[in-house]
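Grab the two chains, each in its own frame, and use the hints to assemble them into the complex.
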Amino acid sequence: MSHGDTIPLHPSSQSDIDEIENLINVGPATVLPARPTSPPRASIPVSSSLFIPSNLPPPAPSAPAAAYQKAPTAVPPSVPSAESSRGGIAADGFGSPPNTLTEPVWDTVRRDLSRIVSNLKLVVFPNPFREDPGKALRDWDLWGPFFFIVFLGLTLSWSASVKKSEVFAVAFAVLAAGAIILTLNVLLLGGHIIFFQSLSLLGYCLFPLDIGALICMLEDNVIIKIIVVSITLAWSSWAAYPFMSAAVNPRRKALALYPVFLMYISVGFLIIAID
Amino acid sequence: MDRLQPPRENYANPKTCFFHVFFKAAALAFYILSALFFNSFVIIFVVTVLLAALDFWVVKNVSGRILVGLRWWNEINEQGESVWKFECLDQESLARVNKKDSWLFWWTLYLTAVAWIFLGIFSLIRFQADYLLVVGVCLSLSIANIVGFTKCRKDAKKQIQQFASQTIASRFSSTLQSAFSVV
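Taken in sequence, the protein lines are chains B and S.
Counting from 1, one number per residue, gives the positions in the first sequence under this note's numbering.
Counting from 1, one number per residue, gives the positions in the second sequence under this note's numbering.
Simulated from the structure, these hints should not be mistaken for laboratory data.
Errors might be hidden in some of the hints.
Unchecked claim - Under the rule of at most 20 angstroms between Cα atoms (straight-line distance), these lysine to aspartate or glutamate pairs were calculated in the EDC-like manner:
#1 S:K60 x B:D112
#2 S:K60 x S:E75
#3 B:K164 x B:D220
#4 B:K164 x S:D130
Said to hold, decoys possible - A few chain S residues facing chain B, derived, Cβ under 10 angstroms:
#5 F41
#6 V42
#7 A53
#8 V58
#9 I66
#10 N74
#11 I76
#12 G80
#13 A129
#14 V137
On a predicted model such as this, the values are computed, not experimentally measured, just so you know.
Cβ atoms here follow ideal geometry from the backbone N, Cα and C, with glycine treated the same way.
Chain S on its own, in the form it takes in the complex (with noise of 0.2 angstroms):
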């Protein structure tokens, strides 16, 4: 087969990018033209809300996997104390990752973020509270995703020297144990 990568490598998981983005652009498109269809403010939070939330799910638990194979959650351990747990996937499938879907899954994040901040300053300068109100619970889900992640990136980088270090030490101690066994 040839082992050349083909010109335009394609989305490996459409359905998957199609969820993540769908609902960060639900909400955020909801948010945006509700206020031409809509006079219920209740509608407009609870529904924006719903999809910012759901978009948090999916995002942690199912696009975070699949696209860049990454996870963090939160235990509790049994001594009471709470302890955030950051894992990826192991090296060889982390270097398989698509490149386009992990392009896709950082860039949505922080543009979802920064069109949050975006139209949280509008409503600052509306002087309307209660839409401060849904773009600050909006915000600090997507801020949460952005921490969370990025988290298990770095810790990602740092595994990957541990790796290296530990596989040179390993290579290092077998060449020692031939070496002496040769003895």
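Chain B on its own, in the form it takes in the complex (with noise of 0.2 angstroms):
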């Protein structure tokens, strides 16, 4: 199986070797103690359960993760004496609480309604973060977007009088199909995202068009719908402008940008035009 997409397992054995005798001679008095659980940036620490996980935690930046269980941190082989150096620790990875491979469900539940929440403040409100939009959507999720898709299908569907399923399929299949395909589209330009980076930024920005649809359910009158639209089109197109155009090489930003205005806009004359 190839591993292109992990962090290689760590290096020779020699280093490791050379840390277990440090350990044993130094002996388990020199326990560190454990960090803090969860870093305020990435929502999943990395954890070092008493083994070793199958990629090497990345240096610096993650580093706060990795200790729990009171074991020795950043040294995954350290395992005989951090054995031994736990003593009063239950002797199992399922005690430990600060591990969050053993948390209760609704911490869980709970990181991942914030981090819902919080990836929507990024992208669609204003905040400092824009211009830097690899960090933005670093913790992405495909809840949100699914939750807005379904929300934008539901509501064109309702509106509808006739046809209610296939508006439902064919906003779904478009907006879904659409986002993978832009995505698509910018990594064949030579751009730098991240596939489900990208799925989940484009997912986020449909938020305005969703109020937009909302809106125009409620409301019969043509103009007041075409004012709302546009309104919540250029919030949409503003909230996606940052990510995609810092992707890509600058001359080609108006190739990667132009498909996904067309996709927004799509949707604008469908929510306009469905009575």
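Written out as structure tokens, the structure is:
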């Protein structure tokens, strides 16, 4: 199996043996205190359960997340001495609370929900991170986009007086396929973007259009519909612009952005034209 | 305390097992039976996909952790690259995982994917593109979980081998140490 996506397993065992020797010599008294869990950036810290995670924890940035169970931090091969040093702590991984591998379910739910909210705020509302797109959707998730796409489909389907199922299916398929194709477009233009991050972004940028569709559903006047849709369309495009444009070569910005605008405009037309 | 295993070992986490199976079964049942009750494709789509998505989340975040002690996720590191992480519990806990739990976990995972493939073939035969969409979404969610957890397991086996070799290495070096200290 290729490990193309994963950080390669830790280096030569010689350094591991050296480290083991050091720990054996120094003894269990030098157990480092456990670092706090869940650094604010990463919502799922890299936890070193007593076992070695299959990817070496990245050196500095997510190192704070590495220590649980009072084991020496960021030293994966220290298994033998860590076992002796853990003394009073429950000997099984299930029993130690700080490890996210064993956290209660409600914590996971809350963590994911708060991640959705924070992603939404990052993408759609003005905030200081917009200039650095790589930072903004670091913790991408696909729940938000899922809800927004379904909501948009439902709203459109509700507004339609005939052929409700087709409207929903078309809206969902167009948006989902559109997001995938747009991402492929950026990748093929030689841009640097991560597939799921871009899907996530395009989904979150649907939020203004969701609001527009909701308002249009409640409102019958065509002029008002056009105004509302134009405003929300502009908002969506403004939200999507920095990420997509930063991902590609400046000379190809228009090539990457044009299909995005096209997709949102077509959704906007769908919203206006539905009756 | 009696060290022998009782003849019938029970599920260690019945509630988790229940939820693990519940959402899968609900999605499949709803999809299959809904044609009898609902005419509207929209409801079928939304409810089935919602149940499948909930099942995906439950398996990935809850039952994977609790029933078999495995977890996988994706992170984006400082350089902006995407990194897939696979993690498992330590060796002792892994050995203590309830056999029935893990049997249930893996079998239902595989069976659901097979069931969705069958349903996909049916809708293909009947030329129903929209139902194929539903099946496609649910199938991709199942397969994502299967691939993720299988990778976790393979890494777990690799770690066991490494652990074994390192324990041997450490014992070896400690005997060397003691040998040299005696000299």
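The hints, checked one at a time:
A C-alpha spacing of about 12 angstroms is found between K60 of chain S and D112 of chain B, which places the hinted pair at or below 20 angstroms, so the restraint holds. The suggested pairing of K60 of chain S with E75 of chain S holds, with an alpha-carbon distance near 15 angstroms, which does not exceed 20 angstroms. For the proposed pair K164 of chain B and D220 of chain B, the alpha carbon gap of about 18 angstroms is at most 20 angstroms, so the pair holds. Taken as a hint, the K164 of chain B and D130 of chain S pair is honoured in the structure, with Cα atoms around 13 angstroms apart against an allowance of 20 angstroms.
Among the interface hints, the one on F41 of chain S holds; its C-beta lies about 4 angstroms from the nearest C-beta in chain B, closer than the 10 angstroms criterion. A cut of 10 angstroms between beta carbons decides the hint on V42 of chain S: the least distance to chain B is about 4 angstroms, and the hint holds. At a threshold of 10 angstroms, the smallest CB-CB gap from A53 of chain S to chain B is about 6 angstroms, leaving the interface hint in force. Interface hint status for V58 of chain S: upheld, as the beta-carbon distance to the closest one in chain B is roughly 9 angstroms, under 10 angstroms.
The interface hint given for I66 of chain S holds, since its Cβ lies 8 angstroms from the closest Cβ of chain B, which is under the 10 angstroms cut-off. Because the smallest distance between the Cβ of N74 of chain S and any Cβ of chain B comes to about 7 angstroms, under 10 angstroms, the interface hint for this residue holds. Restraint check, I76 of chain S versus chain B: the minimum CB separation of about 5 angstroms is within 10 angstroms; hint holds. Contact between G80 of chain S and chain B, as hinted, is supported at the beta carbon level, the nearest pair being about 4 angstroms apart and thus within 10 angstroms.
The closest approach between the C-beta of A129 of chain S and any C-beta of chain B is roughly 8 angstroms, which is under the 10 angstroms cut-off, so the hint is satisfied. Checking V137 of chain S against chain B by beta carbon gives a least distance of about 8 angstroms; that is within 10 angstroms, so the hint holds.
Of the numbered hints stated above, none is contradicted by the structure.
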